[in-house]
Structure formats: C-alpha cells, structure tokens
Amino acid sequence: MPAPPAAPQPLQILTPSGDLAADSPLPLARIKDLYRSMVAARAYDKKCSAMQRQGRLATYAQFEGQEAAQIGAVAALEPRDWVVATYRDAAAMWFHGYPWLNLILGRTGDERGGHAPAGVNVLPPSITVGAHMIHAVGLGWASLVRGDDAVAMTFFGDGATSEGDFHEAMNFAGVFRTPTVFVCQNNGWAISMPRERQTASATIAQKADAYGMAGVLVDGNDLLAVYAAAHEAVIRARAGEGATLIEAVTYRMGPHTTTDDAGRYRDADHLAEWAARDPLERVRRHLEANGEWTAEWQHGIEIGEAETVEAAVEEAEALPAFDAGDIFDGMFVDLPVALRRQRRAAEDGAG
Amino acid sequence: MTERNIAQALNDALDVALADPSVVLLGEDVGRTGGVFRVSDGLQQRHGAARVIDTPVAESGIVGAAFGMAVAGLRPVAEIQFMGFSYPAYDQIVSHVARIRNRSRHRFTAPMVIRIPYGAGIGAAEHHSESTETIYAHTPGLKVVVPSTPYDAKGMLLAAVADPDPVIFLEPIRLYRAVKGEVPDGHYAVSLDEAELVADGTDVTLVGYGAMMREVRRTVEALAAEGVSAAAVDLRTLAPLDLDPVVASVERTGRCVVVHEAPRTGGLAGEIVASVQERALYSLRAPIERVTGWDTVVPLRRSEHHYVPTVERIVAAVHRTLEA
Ligand SMILES: Cc1ncc(C[n+]2csc(CCOP(=O)(O)OP(=O)(O)O)c2C)c(N)n1
Ligand SMILES: [Mg+2]
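Protein chains in written order, with the working numbering: chain A, 1 to 351; chain Z, 1 to 324.
Since the hints were derived computationally from the structure, they do not count as laboratory data.
Any given hint might turn out to be false.
As the list claims (entries may be wrong) - According to the in silico footprint, chain A covers these stretches of chain Z (three or more CB under 8 Å from chain A):
1) 8-15
2) 162-171
What the hints assert, rightly or not - Only part of the chain A face toward chain Z is listed, based on derived beta-carbon distances under 8 Å:
3) G138
4) A160
5) L335
6) V337
7) A350
To be verified - Non-contacting residues of chain A with respect to chain Z, defined by C-beta distances greater than 10 Å in every case (computed):
8) G97
9) S192
10) E273
Idealized CB from N, CA, C, for every residue including glycine.
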C-alpha cells in the first residue's frame, strides 16, 4: 500500500518568534485586545484546575494551548452569530458572551450554568462527543429559511470526527450550503488515542473536499492565521457560499481532564516542543516588538483578569444549592400533574 | 481466592476470558490506558493490540463492528465508556444485535457482550450518571445483567462472554472500588438467569440491583437496628427477570419495597410490582412501594443527592408498608 501523502503545511501568519510571515489580517490594537482575552482565558483555565484539585469543581477539561484556536475563530463572528462548542471550549464560549459565572456554575455541577443570558447565542457546552456539530448546521440553516445572515460556528475535536454525526453534519452542510463554520481543534489526542488512530486521512481539513465544501488547514496556535481562516469562512457563509471546515492544528497541553493521567499513554517530550509554540507567547513577542507590550501592562492585565474570574467564582459559590423540589423545575414550562406529585414526594423525602 | 474490588474482579474476568483466542476487547481507550475506569488495565500489554483494541471515538462503529465479529464467530466484548454514550450505538443494539438470531432463524447469532458503566453518585459531568437500563431491558433479544459484588462481577462477566446470545453487561460505577470481596482465581460462571436472596427476613422484602444494592444492604442493617427483619433480593439479571426469590420472600413477609435509581415512569420497578401482585397478591399486607429516581434528568453534582435513593428514603418506604 502506498504511504499516504504527507500532510501539507498549515497556514501560518505569526511565527512562534512573533514575526509576521504574511500580512496581518488585524490592526495592532485589535491584536492587543485579543491577547488580553487569551490572558483572561488562561486565568480561568488555571483557576478551574486549582479549584478542581481543592474539590470545589467536578471534573475539569483544561484547554491550555488552545486559546488562539478558540478566540481567533470567534473573533471573526458578530454577536448575532452562534457558537456551539464542547466541554473544552470555555474560551470560545466566553469570548462570544457566555459569562464566566455560567461556565463555573456548570463545572461546579449546577444546572443554572446552562442558562446563558438573553441575547447570548451560545448553546450549553456539548458533553457528548459529536452530536452538537449538526446543531450548528440547523442553526445556520434557520438563517437561510428566515433570510437573515447569522452564521453558526461549531467547535469540536479530532476525536469527534470519528463519530457518525460528523459525517451527517458535514453532508447536510454541503448539500444545503448552510452558513456553518466547522472548527476542528486537532489537539493531537482524544483521551489516550493519538490523532493518527482516529482517521487514516493525512489531514482532517481534506475531508471537506468530499463534502463539497472549503477546507483549510491552519496553525491553531497562531491567533492571526486562525482569525484569517475564520474571517474568510464567515464571509463565504454570509454570502451564501456555504460551509467551511477549518482544521486548527494545536496541542492538548494538559491531561484529557483532571481525572486523566496522561503519563500512562504519552511521553512528555511533545510538551516542550509545543510549549515553544505557545499561542500567547508568540502574540506577546509580536506586541513587544511593536512597542505595545511592557511587563507592567502584562502584570496589570493578569491581575485584572484573575480578579474578574475570582469574582465569578465567589458569585457561583454563594448561590444557594437547589432544594429537592428544584430539580424538577427545568423539565417543562408547566410541571405536569404526575411530576408535581413526585416533586412533593421529593420535598417530603418520600418515595 | 484473591481479595478484589469490582473493577479488579472484572479485569481478572477479562484476562481469563482472553485465554480463548476468539475473545476480543474493543472500545475507546480500553487498550493503551486500560479504560477510563482501568477495568482493562494491562490487558493490551498481555494479550496484544490485535485483540485488545483501541477504537476511534465512535460507539455505533464499536457495536456494529463487534456485531460483525460475533457473526463471524469471534466473541467480542465491546466497551461503551459511559451509559450516556451508548445512544449513538442504539440502532446497532436494538435493530441488529438484538434481532439477528430471530431474523435469521438461528442461522446467525451475535454472541457478544456490551459492557456499560452506569449510574450516578460520583458527582460526574452531564451524561455520565445515566441509569437507563430500562430501554435495553425493554428490548426483546437482549439479556441485561448487573452485578453488585466482586464475586458476581467476575462470574457473570465470564458467563456473559460464554453466552450464545448478546448480553448488555452493566457495571455500577459507584461500586467499582467501593466493594471488596474474595474472588476465586481462574474460570467460574455465575448464572445470568437467577436473582439471589442476599438477606432473609420476615417483615419486608427489599428488591434492588446494581449500585443500589449498597443502599439496600445498608437498609437491611438500619432496619435490624430498629427491630425490623428485612429480606433483600439482588436481581442481578434485569432481562429476563427472575422473580421467584422475590415472590417466595413476599409470600412470607407480605410487604415489598422495590428500589432503583432509574427514573420512575416505565422503570423496572413497575414491571416487578405488576408481576409480584400477579403472583402473590393474596400474601400482600400493604401496597408495594417504589423508591426510585425521579422523572427528571439526573441532576448534576450539586444536587444529585436529591435524586439517588438513600437509605433514609428506603427506610421511610418500609415504614409506610409497616403502617399500612
Ligand atoms: C458520544 C461520546 N462518546 C464518548 C465520550 C467520552 N469522551 C469524552 S471526550 C472524548 C475524546 C474526545 O476527543 P476530541 O474530540 O479530540 O476532543 P478533545 O477532548 O481532545 O478536546 C471521549 C471519548 C463522550 N463524551 N461522548
Ligand atoms: Mg482532541
């Protein structure tokens, strides 16, 4: 059997040393804003990991290393657009308006986390792998039916492309030319399985060909490359030219979740290699080289963003826990009689 | 004999089963890392990656491929990571695995095991706490079993692998490491067709299975402390149900409380109550009580204690039957 063709090089605009390999798609001021958002996301990620160790959160899935893939992509959206993402995509969700409070509540194991504020077009994070991609097809499709131009962007992992739902989502998006942007964060791993064990194709991006849509391979740790690819995809989607699959090549710097021990299945060598491609550091270097970064400013934003996250944690933990009856309240608009009876029994500790 | 917890007993069962070259294990993360609950720990190293297979993330693929292997004469043991992730495989299980014997009038069969960790109580993320055994027990053509002790875990898993028909093998997540017991080394089998009377008593019959057996056993002790003599039956097999020990016990006690953490409506307790009243109505001295999960989505970590039946709730139900 002939060896599969080598994967092409992902699109890169900002090199790991912070130099531009192509024209920047964004002005420096915007890059600085996005950098600050990545710093905020990392503060949240670190806070949640720490809280999990203290037993204050359920399992937590770190996204360290994937900040540029998430924030760079969502930066191409407008508030009217949709974000449909997973348990590892807090940065993407937050950047599109889903509050830290909601994300933290979800992680403490509180259903109220799923209630995004009105006007925030972000679905609760998908915990089942794969099913949510097709929701972004339907959300985009609704724009076609209604004649508006909202786009739906969905985030998923390399592992998720193995689920049957990936095929159905891609196929519908291709056939109906829905305004959907598929962002696959190929972080190298699906729990213990490396990306090569999910698909025998050289890249995930190339799967787009078979579905009749555009596919782009980008350096997922390059904020500007991800933004550029997402921006183009959004323009195409709004123009009625259909969906795009973006494969953002990145790396899962942490274990799968806080309950996983990655040392059982991967060696730490890759980590140093990928740490050198850190998505924040290369933007920082770029800002510094352009006179837009100082250590004091960095210190200030780190403290400021950590305080914002801390305030959300305090608010989440101060929220009184549900009483027994409250677990029924999310089920229906009007609780059916049979459920009202159950609710009373639950409140009485009976049955 | 070796002292083992349920996860270790299952690991041992799989190791013993793999001595048969037609047995293969497949599922997400079952090989290199030994499964997310470590139930297949070390088995890929011992039996090779060709027979302890890490698959892509694709439940329909896992079950559908296992089905093909089974029809071809292998004995696949497929693992679904959590019950809440069995639904992408639902069509394979219900439309194909459960039916091939009847569709082909015995020409083809699917002697395979689908292992599924289930149940709440560990503060896990959404979809990781499901107890939806009813939908599989309701599917003709499937055997659905669930052990609650290390001894049964190993013996029932070995029986499931040897069974000529497909078996849904549920594993109580909450008990994986919570219960220890002496487990025979080597091969032995525990019937997949028999419930077991695990405590004898004269005042009330408790019926449970799987993870809830811990609460049921504790309830027996709590009741004994207040002078109430409770019998308890561990169903072990949910499809087909063996209610003989339940009926025999209810004929003595006249009272019955059925416990499961699955949602109430359409839950197995309804089936058990119906069958017991058909067979032992005139022995009953009180309405049969159910203590179950509610007809809600399993709550998340902060409120799952409002959902999963507790010893207190079971004791309260027993008191109602005593006062009736
Ligand atoms: C339907 C389903 N099957 C299995 C799981 C268990 N599981 C959770 S995450 C995961 C791996 C997903 O890998 P990938 O899509 O690459 O995303 P990543 O975790 O790397 O972000 C698996 C198998 C699940 N949540 N849902
Ligand atoms: Mg991945």
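Cross-check of the supplied hints:
Check on the region 8-15 of chain Z: 0 of its residues sit with their Cβ under 8 Å from a Cβ of chain A, so the three-residue criterion for coverage is violated. Counting residues of the region 162-171 of chain Z whose CB falls under 8 Å from any CB of chain A gives 0; the rule of at least 3 is not met. Below 8 Å, beta-carbon pairs count as interface contacts, and G138(A) has none with chain Z, the closest being about 18 Å; its hint is therefore violated. Among the interface hints, the one on A160(A) holds; its C-beta lies about 7 Å from the nearest C-beta in chain Z, closer than the 8 Å criterion.
Interface restraint check for L335(A): the shortest CB-CB distance to chain Z comes to about 10 Å, outside 8 Å, so the restraint is violated. With 8 Å as the threshold, the beta carbon of V337(A) stays out of range of chain Z, its nearest partner Cβ sitting at about 12 Å, so the hint is violated. For A350(A), the interface hint holds, the least distance from its beta-carbon to any beta-carbon of chain Z being 6 Å, beneath 8 Å. Listed as a non-interface residue, G97(A) keeps its Cβ farther than 10 Å from every Cβ of chain Z; the least gap is roughly 21 Å.
Distance to chain Z contradicts S192(A) as a non-interface residue, since its nearest Cβ pair spans about 4 Å, not more than 10 Å. Listed as a non-interface residue, E273(A) keeps its Cβ farther than 10 Å from every Cβ of chain Z; the least gap is roughly 21 Å.
When the structure is compared with the earlier hints, violations turn up for hints 1, 2, 3, 5, 6 and 9 and for no others.
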